[in-house]
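Going line by line, the protein sequences match chains A and B. Under our numbering, the very last position in the first sequence is 110; numbers go up by exactly one each time. Under our numbering, the very last position in the second sequence is 115; numbers go up by exactly one each time.
Treat the hints with care, as some may be off.
Simulated pairs of lysine-lysine, BS3-like, Cα-Cα distance not exceeding 30 Å [to be verified]:
| hint | chain 1 | residue 1 | chain 2 | residue 2 |
| --- | --- | --- | --- | --- |
| 1 | B | K68 | A | K53 |
| 2 | A | K54 | B | K68 |
| 3 | A | K55 | A | K102 |
| 4 | A | K102 | A | K53 |
| 5 | B | K68 | B | K24 |
| 6 | A | K54 | A | K68 |
| 7 | B | K68 | B | K78 |
| 8 | A | K102 | B | K24 |
| 9 | A | K68 | A | K102 |
It is worth saying that the hints were derived from the structure and are not from the lab.
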Amino acid sequence: KNEVEQSPQNLTAQEGEFITINCSYSVGISALHWLQQHPGGGIVSLFMLSSGKKKHGRLIATINIQEKHSSLHITASHPRDSAVYICAVGLEGGADGLTFGKGTHLIIQP
Amino acid sequence: DAGVIQSPRHEVTEMGQEVTLRCKPISGHNSLFWYRQTMMRGLELLIYFNNNVPIDDSGMPEDRFSAKMPNASFSTLKIQPSEPRDSAVYFCASSRAGGPYNEQFFGPGTRLTVL
């Protein structure tokens, strides 16, 4: 079974700091997703990547297929960015469902 | 669109009882997924449907779990009999089409507590 590792597990930072969350996976994938889970429990899809880099507002996601690694960056972090960020992969040639990392719990303090 | 709708939002039941969780996917979406989230294991895929047909149920923990999708707008996940270790948040998600390249839209989840 594919293993998806995220780091760090927990991250506390001050408002305005640049945040990086990392995701590594061990086998071939078709696509990688970054999800955000709010304190209330709702899950929202942020990005889907199969190569390169995507940007949406203050969020940037990158993926390096050769190194089996992805990063999620948050610029000018804000307390409302506090959430759990989850990396999920779709396996290459595999089923359509996603395999998830355990998530990174981010707290941005004012 | 109302998004993915799940009911109930919270369910508390006693061990041995039957539990039925319900999901209405976004209209026009052809793929539906059931996931379970626990503190220990995080999010896990239980089963997914494509065009109402179960494609992969390898994540269903055991025979006590069953899922159906009788039509494009409704799916159920049933646990019978329920056990305390089934306590978790169960999410339903849908996407426009199958495949890992499509964005999945998650419902609010059903928090299940089995006493």
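Outcome of the hint check:
no.	hint	result
1	K68/B / K53/A	violated, 38 Å
2	K54/A / K68/B	violated, 36 Å
3	K55/A / K102/A	holds, 23 Å
4	K102/A / K53/A	holds, 23 Å
5	K68/B / K24/B	holds, 12 Å
6	K54/A / K68/A	holds, 17 Å
7	K68/B / K78/B	holds, 9 Å
8	K102/A / K24/B	holds, 27 Å
9	K68/A / K102/A	holds, 17 Å
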